[in-house]
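Protein chains in written order, with my numbering: chain A, 1 to 163; chain B, 1 to 289.
Watch out, some of these pointers could steer you wrong.
As the list claims (entries may be wrong) - No more than 16 Å apart at the CA atoms, straight line, and that leaves these computed lysine to aspartate or glutamate pairs for EDC-like:
1) B:191 <-> A:130
2) A:3 <-> B:5
3) A:57 <-> B:38
4) A:3 <-> B:50
5) B:7 <-> A:20
Source of the hints: derived by calculation from the structure; they are not laboratory data. Because the structure is a prediction, the values reported are computed rather than measured.
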Amino acid sequence: MVKIKLRMTVNHKIVETEIEPYARLLDVLRDKFGFTGVKEGCGIGECGACTIIMNGKKVNSCLILAAQAQGSEILTIEGVENPDGSMHPVQEAFLEKGAVQCGFCTPGMVISSYQLLSENPDPSDNEIKEAISGNLCRCTGYKQIINAVHMAADNMKKQGRYK
Amino acid sequence: MIRFDYKKPDSLDDCLELLDLYQEKARLFAGGTDLLVEFRADDKKLSNVELVIDISKLPELSFIESDEDSISIGAGTTFSEILNNPVLLKFAPFFTEACRTVGSPQIRNTGTIGGSIGTASPASDPGPPLVAMDSLLTLASPNGKRDVLLCDFMEGAYRTIIKPDELIVSVKFRKLNPDAGFSFVKLGRRKALAIARMNVAAYVETAVDGTVKDVRIVPGSCMPITMRIEEAEKMLLGEKPNYELHAAIGKKVSEKMVEASGRRWSTPYKEPVIATLVKRALNQAAGVE
Numbered sequence: 001m002v003k004i005k006l007r008m009t010v011n012h013k014i015v016e017t018e019i020e021p022y023a024r025l026l027d028v029l030r031d032k033f034g035f036t037g038v039k040e041g042c043g044i045g046e047c048g049a050c051t052i053i054m055n056g057k058k059v060n061s062c063l064i065l066a067a068q069a070q071g072s073e074i075l076t077i078e079g080v081e082n083p084d085g086s087m088h089p090v091q092e093a094f095l096e097k098g099a100v101q102c103g104f105c106t107p108g109m110v111i112s113s114y115q116l117l118s119e120n121p122d123p124s125d126n127e128i129k130e131a132i133s134g135n136l137c138r139c140t141g142y143k144q145i146i147n148a149v150h151m152a153a154d155n156m157k158k159q160g161r162y163k
Numbered sequence: 001m002i003r004f005d006y007k008k009p010d011s012l013d014d015c016l017e018l019l020d021l022y023q024e025k026a027r028l029f030a031g032g033t034d035l036l037v038e039f040r041a042d043d044k045k046l047s048n049v050e051l052v053i054d055i056s057k058l059p060e061l062s063f064i065e066s067d068e069d070s071i072s073i074g075a076g077t078t079f080s081e082i083l084n085n086p087v088l089l090k091f092a093p094f095f096t097e098a099c100r101t102v103g104s105p106q107i108r109n110t111g112t113i114g115g116s117i118g119t120a121s122p123a124s125d126p127g128p129p130l131v132a133m134d135s136l137l138t139l140a141s142p143n144g145k146r147d148v149l150l151c152d153f154m155e156g157a158y159r160t161i162i163k164p165d166e167l168i169v170s171v172k173f174r175k176l177n178p179d180a181g182f183s184f185v186k187l188g189r190r191k192a193l194a195i196a197r198m199n200v201a202a203y204v205e206t207a208v209d210g211t212v213k214d215v216r217i218v219p220g221s222c223m224p225i226t227m228r229i230e231e232a233e234k235m236l237l238g239e240k241p242n243y244e245l246h247a248a249i250g251k252k253v254s255e256k257m258v259e260a261s262g263r264r265w266s267t268p269y270k271e272p273v274i275a276t277l278v279k280r281a282l283n284q285a286a287g288v289e
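With the rest of the complex left out, here is chain B:
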């Protein structure tokens, strides 16, 4: 176990002051579900940590707010709190579904959305739906606040552009059309307590004539950075959803995965499986049998 001091600031300002003082010698502790495991394993990247700042109860980070156009979630909101929110279930049901598959009930009671975003695992479950909604993060530092798109925030697997004196305050996205099709499919080694082997978030919105007017396709655990696959999305835009087209789009996503991640020991398995998962996600979102 790495040894550290512990402080629990009462406000966001106090927290930022501590961050300013300690910089990379401080670690923010929200749910702790990743961090405590790494401390226990004497993870080398944490060997310089002197102070843990407990932000799990910071009131400024715990909220789910919505206005006419958008929804904003405080970084300290737990997955259990997200699951039980009716506004999210209505306007972002694939996000709710993704959060339902995180860890276990115990993990979801403590793990936070901000922690998940900050960890930047390529196998994140909430990652694909959040990227699909072009989510915007608000970061705070002693010098003020700045907004950054989630897809620009991630720099690589487990790497982000966050500075040592910054913290994630919230994640915000536009409400999608509740009448459109949403899906989140996940392949894990078992139903609970399984890190995603691969997952896919899909959104399909059709016009009155049945053609697709908005589509988002985001595979997870396929690329170092979770992203929308625009080439695949373009194949569906303006078309009527159908099984064969969805299968072809699945193949396209599979190609893009190999382009981005290269050929690895797992590629012969992942190639056909991600194609199938994308096809299933699109079928489900578009209501195709």
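Looking at chain A on its own, in the form it has when it is part of the complex:
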């Protein structure tokens, strides 16, 4: 197998590495770069624990070859925080509303919620459900997560994050 030189932007930083041609993006992010917030739940695209944003779209990193990420821009849970290192309003709201229990689905849930709020500052219950429909949570029953997304939306509006 011919190894591939991969260059991409992860969480606002340009990174480079050498990868196997059959490596999944999920494994490269975790094992080569230590972004272990990207979780492997099912490995077959059903649970959404490995959700990342790639070139502005959320995708399951378990279903993407690392080689496909050549030149792409990637955001993982590690890059969601504010530039000063404090928590993003979505993260704060998840804590505040008890939207986290075991925590395994949380990185994917936060990414999906973050992506929703970047496109839709005032989502309805149904729009939130649709946005997190690719993320399974077996602890919370989703109610707290939906409440947290509403709270984050309100707080982001108050902070003037929407232009």
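Could you slot chain B onto chain A? The hints should help.
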């Protein structure tokens, strides 16, 4: 994980050259949402694969075009791109609706229509509306292009007539009457991330006198090959849509399912359920309460 080399051709011609060279030792990789799962599971049918050809960004495969009569969709078009297309929503709303139920938002951002057609799952969601519209596929190989009807392309469950050096370029269908009735109903185990237990696409177009002049009924997950059920369609042609007739047509589709697929462990469940789904699809398409 099955191990393979990776190449990303810049053009369709380069891609066909690679296919010509590697034949069945190459696999085309578009969204990868089925393929990567199979590689990971060491699927035996992929054990001879040496090269993955990434066609996810091939410009020649990513388009939605329409003229006066028809709409053509590039095989590399993602479900998300289909969902957001206003022309499809107007002239093929049941296709848009079917694509909306595929997988999850994450899957729809990467999964492609060509990949779905090539996988030829009998439980496909876009399959029934595409078959209902008598869709035509364009395939390309190093020797040129050929057109084949989608219903002839499928040979059985997960089997197609595609040759090792061919790829799907596009799927094309005629625009239907936007004022007619369209419906897509799906029964899954839950709303998202559910493979269809059964689904139905229906199209009902009536004349000025209220009688039906064009009808398409296509159940999914019922037969090895997704197809229009002509015997059921004939029952509605020339008639005025009504609840009792739709119920009888549902029973006919159910009979046809048993004829095609035989009696299985799931038949006692599927028989009444597909009849009901067909009835609902027709009621919805024809606006019958």
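Do the hints match the structure? See the list:
1. With a CA separation close to 10 Å, the supplied pair residue 191 of chain B and residue 130 of chain A stays within the 16 Å bound.
2. For the hint pairing residue 3 of chain A with residue 5 of chain B, the CA-to-CA distance comes to about 8 Å; that is within 16 Å, so the pair holds.
3. Pair hint residue 57 of chain A plus residue 38 of chain B does not hold up; C-alpha atoms about 24 Å apart against a cutoff of 16 Å.
4. Between the alpha carbons of residue 3 of chain A and residue 50 of chain B the distance comes to roughly 14 Å, so the proposed pair stays at or under 16 Å and holds.
5. Using a Cα cut-off of 16 Å, the hinted pair residue 7 of chain B and residue 20 of chain A holds, with the two alpha carbons roughly 12 Å apart.
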